[in-house]
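Peer 1: Those sequence lines, one after another, are chains P and H. Using UniProt numbering, read the first sequence as starting at 1 and increasing by one per residue. Using UniProt numbering, read the second sequence as starting at 1 and increasing by one per residue.
These are computed hints drawn from the structure, not numbers from a lab. Just to be clear, a hint being listed does not mean it is correct.
What the hints assert, rightly or not - Have a look at the derived ranges for each label pair, beta carbon to beta carbon:
#, chain 1, residue 1, chain 2, residue 2, range
1, P, LEU202, H, GLU317, 41 to 47 Å
2, H, PRO204, P, ILE149, 49 to 55 Å
3, H, ASP178, P, PRO160, 45 to 51 Å
4, P, ILE149, H, GLN226, 56 to 62 Å
5, P, VAL179, H, SER56, 52 to 58 Å
Yeah, the Cβ is synthetic: ideal placement off N, Cα and C, and Gly gets one too.
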Amino acid sequence: MAAQSLWRLFLRVPSSSPSLTAVATARRKFGMSCRMSFSSENSSSGSGSREFLGLSDEQLMKQCEMSTFKSSGPGGQHRNKRESAVRLKHLPTGIIAQAVEDRSQHKNRASALARLRTLLALKVRNSIDLDTYSPPLELLQILPAKSTIRTSDCGPQIGPNNPKFALGMLALLDLIFAVEGSISDAAKLMGLSTGALSRLVLSDDSLRMAVNELRTSKGLKPLK
Amino acid sequence: MKLSIPRACGSWSKSPPVSTTLHKPISFYSSIPSSSPLKPQVPLFLRPPIHSATLSDLQKWHHWAKTLPVPHSDDPPDPTLLRRELKWLLEDALEVHSSVPQMGSHSDDRPIKLRTSLEQLYSVWRQRIEERRPFQYVVGCEHWRDLVLSVQDGVLIPRPETEVFVDLVGDVVTQNGDLTQGLWADLGTGSGAIAIGIGRILGPRGRVIATDLSPVAVSVASFNVQRYSLQDIIEIRQGSWFEPLKDVEGKLSGLVSNPPYIPSDHISGLQPEVGWHEPRLALDGGVDGIDALLHLCNGAASMLKPGGFFIFETNGEKQCKFLVDYMENESKGNFYDVKIVPDFAGIQRFVTGFHH
Ligand SMILES: C[S@@+](CC[C@H](N)C(=O)[O-])C[C@H]1O[C@@H](n2cnc3c(N)ncnc32)[C@H](O)[C@@H]1O
Numbered sequence: 001m002a003a004q005s006l007w008r009l010f011l012r013v014p015s016s017s018p019s020l021t022a023v024a025t026a027r028r029k030f031g032m033s034c035r036m037s038f039s040s041e042n043s044s045s046g047s048g049s050r051e052f053l054g055l056s057d058e059q060l061m062k063q064c065e066m067s068t069f070k071s072s073g074p075g076g077q078h079r080n081k082r083e084s085a086v087r088l089k090h091l092p093t094g095i096i097a098q099a100v101e102d103r104s105q106h107k108n109r110a111s112a113l114a115r116l117r118t119l120l121a122l123k124v125r126n127s128i129d130l131d132t133y134s135p136p137l138e139l140l141q142i143l144p145a146k147s148t149i150r151t152s153d154c155g156p157q158i159g160p161n162n163p164k165f166a167l168g169m170l171a172l173l174d175l176i177f178a179v180e181g182s183i184s185d186a187a188k189l190m191g192l193s194t195g196a197l198s199r200l201v202l203s204d205d206s207l208r209m210a211v212n213e214l215r216t217s218k219g220l221k222p223l224k
Numbered sequence: 001m002k003l004s005i006p007r008a009c010g011s012w013s014k015s016p017p018v019s020t021t022l023h024k025p026i027s028f029y030s031s032i033p034s035s036s037p038l039k040p041q042v043p044l045f046l047r048p049p050i051h052s053a054t055l056s057d058l059q060k061w062h063h064w065a066k067t068l069p070v071p072h073s074d075d076p077p078d079p080t081l082l083r084r085e086l087k088w089l090l091e092d093a094l095e096v097h098s099s100v101p102q103m104g105s106h107s108d109d110r111p112i113k114l115r116t117s118l119e120q121l122y123s124v125w126r127q128r129i130e131e132r133r134p135f136q137y138v139v140g141c142e143h144w145r146d147l148v149l150s151v152q153d154g155v156l157i158p159r160p161e162t163e164v165f166v167d168l169v170g171d172v173v174t175q176n177g178d179l180t181q182g183l184w185a186d187l188g189t190g191s192g193a194i195a196i197g198i199g200r201i202l203g204p205r206g207r208v209i210a211t212d213l214s215p216v217a218v219s220v221a222s223f224n225v226q227r228y229s230l231q232d233i234i235e236i237r238q239g240s241w242f243e244p245l246k247d248v249e250g251k252l253s254g255l256v257s258n259p260p261y262i263p264s265d266h267i268s269g270l271q272p273e274v275g276w277h278e279p280r281l282a283l284d285g286g287v288d289g290i291d292a293l294l295h296l297c298n299g300a301a302s303m304l305k306p307g308g309f310f311i312f313e314t315n316g317e318k319q320c321k322f323l324v325d326y327m328e329n330e331s332k333g334n335f336y337d338v339k340i341v342p343d344f345a346g347i348q349r350f351v352t353g354f355h356h
């Protein structure tokens, strides 16, 4: 059930699942040093993550509500405030990213923003029309050379350590989402064997986790 | 808190607010005589790693520190925060931080290089817990924005709220490039935080004068300015508010200040880390907390050139509203675009505006 409601956010179906935020809060109370969480309130209308990820840090920040964990009391000169933790709520999606582990407010904000980008890429799906689908370049670039839809002008395969991998991963997730988690269907569309696509998915932790979360919610076995 | 113009006016029109300027720091630990030239303390993380201890002795200390009982208090330190501080203390004290993770395994005679002795580590952590000495005084620095600033007894630890000054100045100079080349002043600069933050934004053509009445602040601010190689951009002057600025009257492009703003009778009830250890000169703003702010508002009109920009930090909504009201009524026509800007916690914290 938890996985089900979690995935609803990906679908941009408004749902209320306070449990997710509660879990995050509980974890924070137990002193884990950094946390990413998201809540599903305020799920948005039409925007996919690609639109958000194209924004500059400043523009993205403008879409966020920033708060610190302890905002009660007069603050300022009154407090020796080591809790320079930052919590960003991305208003269009309701996704929350936070950072507490750093020694300055400024750096925590930068870390929270970087985390928000990852979460947006992982959690907010762009819808795909399978009938007219043609894979974007960034997706082709992360596919192994043996893919039959890959053309020579794609260059060598980009691996998880390359910063461009994230964009390709995003496109791949959009597609796997559109075929409801079926690796064999997605593999066909990408001119790959099912095994080759599985290996690609398993090559990156966050990709693997996102795909498996979807598969579990659809009653499919997780990839191992 | 009742804000009364007549009394406050009286104090600035005759002389700077004596009640706030003559307070001696109440810090128990500042034994620095205020007359002799001061040598600033070197923060822990910058000291040479000339000490050493075995890993197992360090582990013993770590265990002791984690379990040292916190004396009863109405306002006890947050245990999570203390654990994080302990980690940061190790980061600063060890030559190689990566030796920290092995803290779990026991009986290890490997020597670890330290920037302070093991005895000192025991003694400073005891001060942190038992005397509520601020962590930043223990390690001698504070991470503020992307800066690491030296601080010590007698100098206010810059607050995260104050980081916003730098963003506000950044915004105003992008809209109005002329302000970049002008002269700025940071009054009551403390560690030099605001001056250094904006000095780096203004770049090589900018100039900032940073002042403070406190000799410790002057020496610490100079240390920090030099550490960031900004001595050609930032000049430190000692004196009360506008006194050291007589030669630049009417010439300032920008005036920024985070002056003491806590009402005097709140000082005794402050969090121990603040009330017991930070200098009263940096906190006490007189009966209503607004003495210094009013003094600054009144001077701003004659110090700023036309189009010049100012930012003042305040105690919150009440002081912000009072100042805006005061500027719009008492000093009519001197300022425009006077605004209240909230801090990250949503508290109305800053008053900004321009001189006509
Ligand atoms: C709240 S602290 C701010 C320090 C620093 N600007 C910051 O934001 O971290 C106020 C500062 O004003 C200084 N101060 C107090 N009275 C002063 C006076 N009459 N003239 C100049 N500076 C003064 C104090 O020494 C202290 O450094």
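Peer 1: Could you tell me whether the CB distance from VAL179/P to SER56/H stays inside 52 to 58 Å?
Peer 2: 57 Å, holds
Peer 1: When you take the CB atoms of PRO204/H and ILE149/P, is the distance between them in 49 to 55 Å?
Peer 2: 53 Å, holds
Peer 1: When you take the CB atoms of ASP178/H and PRO160/P, is the distance between them in 45 to 51 Å?
Peer 2: Distance hint for ASP178/H, PRO160/P holds at roughly 48 Å.
Peer 1: Is 41 to 47 Å respected by the C-beta to C-beta distance linking LEU202/P and GLU317/H?
Peer 2: For LEU202/P and GLU317/H the Cβ distance comes to about 55 Å; the hint is violated.
Peer 1: So does ILE149/P sit 56 to 62 Å from GLN226/H, Cβ to Cβ?
Peer 2: Holds - the Cβ-Cβ distance for ILE149/P and GLN226/H, about 60 Å, lies within 56 to 62 Å.
Going down the numbered hints, you'll see the structure goes against just number 1.
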